[in-house]
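Chains as they are written, first to last, in this note's numbering: chain E, 1 to 394; chain V, 1 to 284.
Don't take every hint at face value.
Okay, the calculated beta carbon distance ranges per label pair [said to hold, decoys possible]:
#1 G103(V) - P387(E): 28 to 38 Å
#2 D90(E) - I115(V): 28 to 38 Å
#3 F270(V) - D90(E): 39 to 49 Å
#4 G62(V) - E354(E): 52 to 62 Å
#5 P387(E) - G62(V): 13 to 23 Å
#6 L111(V) - P174(E): 24 to 34 Å
#7 I115(V) - K260(E): 43 to 53 Å
Treat the hints as calculated values from the structure; they're not laboratory data. Please read these numbers as outputs of a predicted model, since none were measured by experiment. Glycine included, C-beta positions come from ideal geometry on N, C-alpha and C.
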Amino acid sequence: MRFAVLIAAAAASFAVHAQPAAPLRIGSTLSLTGPLGPTSAIHKVAGDIYIDEVNRRGGLLGRKVEWALKDDQSRPELARTLYEQLVTVDRVDLLNGPYGTASILSAMGVAQRYNKILLHNSFGTPSLARYDLQFPTSGGSGDPENVWPGLVFDALASAPRPPRTIAIVTSKFPSLHFISVGAREAAKKRGLAEVLYLEWEFGNRDFGPIAGRVKDATPDFVWVGATGLDGVLLLDAMKKIEYLPPMHFYMFPAPGPMKKLPEARNALAFTTFEEHPPFTANPRAAEFIQAFHERGAKAGLPDTAVDLQASIAYSTWQVLEAAVNGARSFDDKALAQWLRRNQVDTIMGRLRWEGPFNYVMGQDLYKVKQLQEGKWVVVWPKEFAAPGAKLIAP
Amino acid sequence: MLPSATLLGQSVLSGVFAGALYGLLGLGLTLSWGLLRQINLAHFALVFLGAYLTYQLSSVAGVDPLLTLALVAPAFFVLGALLHWLLARFKVSPLNTLLVTFGFTVIIESLIQWIWSADFRRLESHYAGVKWKLGALFVPLPELLTLAIAAGLALSIWAMLRFTDLGRAMRATAEDAPIAAAFGVNEKLLALLLSGLCAALAAVAGACLALSHTLAPSQIYAWIGVVFAVVMIGGLGNPLGPLVAGIAIGVAEALTMAVTSPAWAPLVSFSLLIAVLLIRPDRF
Chain E
1 MRFAVLIAAA
11 AASFAVHAQP
21 AAPLRIGSTL
31 SLTGPLGPTS
41 AIHKVAGDIY
51 IDEVNRRGGL
61 LGRKVEWALK
71 DDQSRPELAR
81 TLYEQLVTVD
91 RVDLLNGPYG
101 TASILSAMGV
111 AQRYNKILLH
121 NSFGTPSLAR
131 YDLQFPTSGG
141 SGDPENVWPG
151 LVFDALASAP
161 RPPRTIAIVT
171 SKFPSLHFIS
181 VGAREAAKKR
191 GLAEVLYLEW
201 EFGNRDFGPI
211 AGRVKDATPD
221 FVWVGATGLD
231 GVLLLDAMKK
241 IEYLPPMHFY
251 MFPAPGPMKK
261 LPEARNALAF
271 TTFEEHPPFT
281 ANPRAAEFIQ
291 AFHERGAKAG
301 LPDTAVDLQA
311 SIAYSTWQVL
321 EAAVNGARSF
331 DDKALAQWLR
341 RNQVDTIMGR
351 LRWEGPFNYV
361 MGQDLYKVKQ
371 LQEGKWVVVW
381 PKEFAAPGAK
391 LIAP
Chain V
1 MLPSATLLGQ
11 SVLSGVFAGA
21 LYGLLGLGLT
31 LSWGLLRQIN
41 LAHFALVFLG
51 AYLTYQLSSV
61 AGVDPLLTLA
71 LVAPAFFVLG
81 ALLHWLLARF
91 KVSPLNTLLV
101 TFGFTVIIES
111 LIQWIWSADF
121 RRLESHYAGV
131 KWKLGALFVP
141 LPELLTLAIA
151 AGLALSIWAM
161 LRFTDLGRAM
171 RATAEDAPIA
181 AAFGVNEKLL
191 ALLLSGLCAA
201 LAAVAGACLA
211 LSHTLAPSQI
221 YAWIGVVFAV
231 VMIGGLGNPL
241 GPLVAGIAIG
251 VAEALTMAVT
261 SPAWAPLVSF
271 SLLIAVLLIR
281 PDRF
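Based on the provided sequences and hints, a complete structural model is requested.
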């Protein structure tokens with residue numbers, strides 16, 4: 001009898017140990033619908049690719065990874081509710097950030113309430129990130145209003161005839177506006193004469209008068225603090241009055257539509273990654289590019305090139321994996337501690353978090369790209385420029 | 001620095017063109033609001049659905065963008081009549097039409113997003129690159145077409161309402177439906193016709209929108225505020241009103257952008273609306 005009990009206990013114990021570990025559930029929202037939908041679609045494809053990859057490699061610390069993804073409809077207040085659900089109802093193990101400053105801010109509040117680590121990659125106003133366990137993975141600095149204008153003006157200074165006058169026109173979209181204001185200061189310090197400064201409300205429909213004022217001001221260089229469609233609309237309006245600025249920069253344009261506009265030739269913009277060396281020399285990046293082309297086409301993305309959005313999305317997952325493997329833990333505080341003490345190599349470069357509120361001040365991974373012959377190529381800093389590419393300037 | 005005469009002239013022209021589109025978008029809305037007592041928010045969604053259909057037929061099937069209306073406008077006429085039948089069948093009150101048609105708007109937006117994705121779509125037509133130079137000013141063809149269509153439709157509908165038996169019957173029904181019915185007016189049929197006409201006008205506005213604007217489903221909501229202001233300032237049920245008010249608002253916005261900060265422009269339409277409400281409250 002005693003022997004039978006022992007056998008049964010041993011069998012039960014074996015059965016328990018033989019059970020596969022429960023999957024690791026990572027929860028996040030993305031703006032799958034609404035105005036931020038096009039960009040979030042890129043983040044979704046990048047995330048799907050990563051989840052498949054990591055599970056092929058056996059998951060994280062032996063646990064398969066599941067992505068509990070919800071649609072916040074581009075509504076920050078809904079993002080807050082959904083993150084609350086992810087923590088309290090879905091009981092996910094870890095959180096990943098949503099897309100866009102306002103939604104990230106909502107998610108950050110929830111993460112703070114439950115002491116969860118939050119990685120995020122599109123938070124435009126670092127001064128608002130005041131939570132210990134939030135970690136930016138966009139490659140941006142803690143002071144983009146200084147670093148980004150400096151980067152653009154450094155690129156312009158490398159032109160054979162650097163611009164001497166500047167027009168700064170900007171949307172009042174919160175995370176763009178303060179960077180454009182920073183550009184005003186930076187331009188003044190570098191001796192660029194400001195011939196025009198204009199602001200418009202986000203959602204402006206008629207760009208004709210703004211285009212007319214830029215044309216009237218005859219600047220050598222136009223800084224456009226625009227995201228999404230605004231840059232395209234301004235270019236459209238400038239085309240209608242037969243004007244094209246000698247040099248022009250758009251902060252975060254919708255890259256696909258802009259690529260198709262002939263009048264956008266030689267436009268400058270920010271990036272963290274483009275599909276050319278030295279970025280593609282990283283084998284993981286090369287694999288990701290191939291997967292993104294295939295999965296992006298299947299998902300109906302109009303542009304399947306890997307650039308800023310796809311690279312920051314994928315890098316975020318790389319950071320999460322590095323933290324889990326480095327800390328050998330899923331504990332939020334242990335992961336945060338590991339990240340603060342370490343650096344992570346991603347497809348867009350090395351990320352670190354040793355500054356105030358996990359930001360690095362004064363430098364970042366951003367580059368300046370230019371639309372040359374219908375293709376975006378990095379032109380600055382020179383060590384990241386596409387082979388043979390240099391800044392095209394009049 | 002004072003703006004140049006060219007900048008002011010081009011801004012006025014830009015405002016006229018923007019205002020014509022406001023007027024065209026508001027034309028169907030003012031008729032359904034003023035004559036049918038339905039505040040049809042779905043009108044904006046229908047405009048965008050029409051724009052996407054124009055985009056699809058033109059860029060995929062190669063049909064001339066304006067010729068797509070031969071197919072889209074009649075289809076929308078039927079859709080509009082069906083929408084009205086549904087609202088009448090369930091006796092939806094005027095205020096509740098606002099809520100119900102908002103629901104339709106969300107459904108149509110989701111449908112658009114499902115078919116064409118949330119990304120930007122841009123119609124590349126042979127009209128896009130055509131423009132003329134008038135002294136120092138540029139006159140683009142797509143916007144000029146929009147102005148001509150908006151003016152032509154507004155005048156035709158105004159004449160129809162004023163000079164034809166059908167128009168008189170429509171106005172009489174809006175004024176006092178039971179009395180109109182006593183004189184033999186078929187109120188239900190007229191309402192179906194008018195609702196169909198409003199939806200067909202949405203299709204026309206959609207084609208014009210596709211000619212000159214980049215499309216995204218979320219843009220549906222960007223037009224609601226200003227077009228409502230245009231309709232209210234123009235007078236409910238008055239087909240010429242939205243065009244006149246639209247051009248006034250468009251020009252005022254454009255000049256504001258040319259002379260002061262463009263960020264002030266959105267205040268123009270609602271400041272005008274408040275002024276009209278204060279000066280002529282009996283208008284509504």
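For each hint, the structure was consulted:
no. : hint                          : result
1   : G103(V) - P387(E): 28 to 38 Å : 54 Å, violated
2   : D90(E) - I115(V): 28 to 38 Å  : 30 Å, holds
3   : F270(V) - D90(E): 39 to 49 Å  : 43 Å, holds
4   : G62(V) - E354(E): 52 to 62 Å  : 58 Å, holds
5   : P387(E) - G62(V): 13 to 23 Å  : 39 Å, violated
6   : L111(V) - P174(E): 24 to 34 Å : 31 Å, holds
7   : I115(V) - K260(E): 43 to 53 Å : 20 Å, violated
Going through the hint list in order, the structure does not satisfy hints 1, 5 and 7.
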